[in-house]
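Those protein sequence lines, which keep their order, are chains A and B. One rule links them: number in our numbering = place in the first sequence (from 1) + 12. One rule links them: number in our numbering = place in the second sequence (from 1) + 12.
Warning: the hint list may mix true and false statements.
It does not matter which identical chain is used: a pair holds within one copy or between any two.
Below are the DMTMM-like pairs computed for lysine to aspartate or glutamate, each with C-alpha atoms no more than 25 Å apart in a straight line [to be verified]:
id	residue 1	residue 2
1	Lys137	Asp158
2	Lys234	Glu256
3	Lys405	Glu105
4	Lys205	Glu140
5	Lys74	Glu105
Calculated from the structure, these hints are not laboratory results. Bear in mind the structure is a predicted one, so any value in this text is a computation, not a measurement.
There are 2 protein chains.
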Amino acid sequence: MPIVVQKFGGSSVANAERIKRVARRVVETKEAGNQVIVVVSAMGDSTDDLIELANQINEKQKPQAREMDMLLATGEQVSIALLAMAIAQLGHEAVSLTGPQAGVMTESVHCKARIVDIRTERLQKELEAGRIVIVAGFQGLTANGDIATLGRGGSDTSAVALAVAIGAQVCEIFTDVDGVYTTDPRVVPRAQKLSRITYDEMLELASLGAQVLHPRSVELGKAYKMPIHVRSSFNHNDGTMVQEAEGDMEKELMVSGVTYDMNVVKVGLFDVPDRPGIARILFTALAKAHVNVDMIIQSAMHNERNDISFTVGQSDQEVAVAVVQQVKEEIGAGGVIYDDKVAKVSIVGAGMISRPGVAALMFEAISEEGINIEMISTSEIKVSCVIVAEDAKRAVQAIHRKFELDGLDAVNCEGFATA
Amino acid sequence: MPIVVQKFGGSSVANAERIKRVARRVVETKEAGNQVIVVVSAMGDSTDDLIELANQINEKQKPQAREMDMLLATGEQVSIALLAMAIAQLGHEAVSLTGPQAGVMTESVHCKARIVDIRTERLQKELEAGRIVIVAGFQGLTANGDIATLGRGGSDTSAVALAVAIGAQVCEIFTDVDGVYTTDPRVVPRAQKLSRITYDEMLELASLGAQVLHPRSVELGKAYKMPIHVRSSFNHNDGTMVQEAEGDMEKELMVSGVTYDMNVVKVGLFDVPDRPGIARILFTALAKAHVNVDMIIQSAMHNERNDISFTVGQSDQEVAVAVVQQVKEEIGAGGVIYDDKVAKVSIVGAGMISRPGVAALMFEAISEEGINIEMISTSEIKVSCVIVAEDAKRAVQAIHRKFELDGLDAVNCEGFATA
């Protein structure tokens with residue numbers, strides 16, 4: 013009997029009514045002839061409530077990571093017990109398992125542990141007994157016997173890891189949206205839902221802001237070739253299948269998606285002395301300050317001094333600028349500029365690898381709108397441009413049109429999640 | 013270094029401020045030169061909140077006991093993590109352990125499991141590392157690897173069991189009251205706090221209504237001779253030490269306590285044919301209906317018919333009366349009466365074993381008040397009388413005086429817990 017892993021996030025189990033709806037969905041899958049493992053997150057805002065409690069206790073110093081994990085793991089444990097009860101109400105046998113009980117073994121690190129192994133004995137036993145197995149996402153057990161949580165994207169990662177370990181046919185990730193779109197339907201009403209997308213494309217899209225699926229889980233899916241079906245918890249439509257590139261897949265679309273990210277600050281250090289090691293000094297200093305740097309552009313000028321610019325998220329702006337000011341003094345650069353009125357617009361597509369001119373087509377779309385490009389960064393399957401923030405949506409619309417991604421029907425964009 | 017186990021109930025950890033107060037108390041004990049294991053219950057009403065959630069899900073049928081345990085166990089897990097954080101804020105190393113992590117092994121029964129073993133490896137390791145160990149009360153692990161809760165009195169029982177397993181010097185149970193009193197200070201302002209009491213006396217007092225300590229934990233303490241110190245979480249006074257009878261202990265007090273219980277219904281079946289097996293038929297029928305019968309009196313009359321009467325708690329009244337009505341028809345008894353305007357007044361004391369006339373002294377105290385005794389039941393260290401409810405407090409006062417238990421000072425009865 014095929015095994016299906018289904019993952020439901022916190023908003024899908026936010027209250028008793030929603031838990032009952034998830035239970036019906038799970039039972040349908042079981043009655044369709046599958047063995048089912050369900051991974052759930054903590055109910056709605058319950059994790060925030062637990063964090064608030066911890067904040068009331070920890071006035072002087074940060075709480076110990078181990079104890080935060082002990083605390084936060086209760087959130088998913090509540091969800092799994094309630095979902096198991098709701099399934100039993102529908103006349104099916106269900107059993108809930110904490111991450112540790114489900115055999116999810118992690119590194120001995122807290123709050124951001126990685127899964128190192130899944131011991132499937134208990135899962136196998138429960139499936140063989142005909143039960144629907146409900147597993148607490150986001151958590152596992154360290155070699156010391158402690159509870160560890162997986163950090164951001166943890167529940168998606170739990171689901172894909174369980175699917176891989178148990179040999180599931182597919183891992184279904186239920187979200188508020190119908191799947192992965194060619195772009196944000198709120199900006200381009202004729203954005204199209206992609207029926208298929210490669211892991212690499214999804215990785216680029218995920219880190220660019222289409223927050224339907226966390227990159228960690230996509231990486232895991234890619235490593236073990238586990239098909240991930242991103243679909244809506246509100247309807248039964250097919251969503252987007254994230255999977256290996258197939259023979260004909262590349263041909264379909266040169267560009268799979270157009271994304272934009274408004275959470276960008278451009279920081280520039282100009283008139284930098286042109287000698288080896290400058291970039292190392294700058295980016296080591298930023299890394300030490302825990303600044304997450306995204307795009308980096310170094311442009312060699314005709315004279316002996318040049319400019320280095322990079323982008324960071326808005327929350328890192330203050331620290332990044334302070335670090336760059338200090339580096340400026342140290343190395344004797346000309347000055348520092350920063351600008352938070354910018355946005356990043358990107359195209360992603362495995363199809364562009366074998367097709368020259370894709371980037372040029374994007375630049376053409378932008379320039380036709382009279383928009384100036386401030387920074388450009390490219391990877392094998394992605395091209396990103398930093399432009400003035402207020403032009404971002406117009407640029408996305410132009411690019412979407414230029415690559416002939418506009419569908420015939422306008423998309424209902426209610427609930428569409430973006431960066 | 014001596015090991016002390018300290019147990020704090022749900023009201024002691026009901027919010028962040030109270031958790032911090034418990035943390036200070038624990039740290040004091042550690043700094044006084046002890047190794048400390050702390051057992052805590054779920055915060056305040058959090059268990060009720062979880063039950064309410066489960067009720068919203070389980071409309072058609074009762075939830076599975078296993079899943080209720082999965083759900084309810086989160087309550088204590090939240091408390092232990094927060095208390096460990098609060099202790100760390102005070103500069104001490106603490107580690108929280110769930111019941112399963114602490115090695116508390118239970119029967120494979122849910123919602124009312126009994127502890128079968130405690131595997132102390134992890135506890136030992138953490139204590140040797142100099143840490144204060146915080147354990148979730150009320151929960152353990154079955155041989156199947158499932159979480160089981162211990163049912164009523166579970167946290168007290170966890171604490172005493174851990175104290176026994178680890179070889180603690182004493183198990184301290186912190187409550188809202190100063191200790192165990194000779195009677196309810198709200199009825200007799202000159203009630204005295206008992207400095208010592210035997211396990212047997214405490215067992216009789218506990219089941220009679222002095223709800224400071226659950227009988228299960230007292231039984232466990234008695235079996236392994238673990239001293240249990242019942243004391244206030246609001247001050248540092250010595251409370252009541254529950255321990256083995258010592259040589260001079262018996263001599264101290266003929267009667268240790270006077271209790272009363274208003275939650276009593278008297279049910280009588282009269283004109284019962286005097287033939288063997290009638291009592292068996294009646295009490296088997298009551299047991300099948302899950303009626304918890306307390307006192308049983310059968311009085312043989314001069315003729316060939318007699319009366320059987322018994323007491324039950326008020327919640328069992330309806331079922332009990334219905335059962336007795338049916339038995340009446342079956343065996344051809346004369347009639348059924350019941351009365352819920354009664355109360356049970358009792359004296360408890362290991363000292364009465366070797367002293368004849370203790371029961372008579374109690375009857376004398378009651379009759380001097382002009383109060384009629386409706387039923388009498390005695391055990392080795394207890395005498396109980398059923399009387400009219402409105403006379404109960406006057407009877408308690410008279411008995412307390414008769415046995416010379418009145419102290420010199422009136423007790424501050426605020427927060428005193430009674431049945």
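Which hints, by number, does the structure contradict? As far as the earlier hints go, 3, 4 are violated by this structure, in ascending order.
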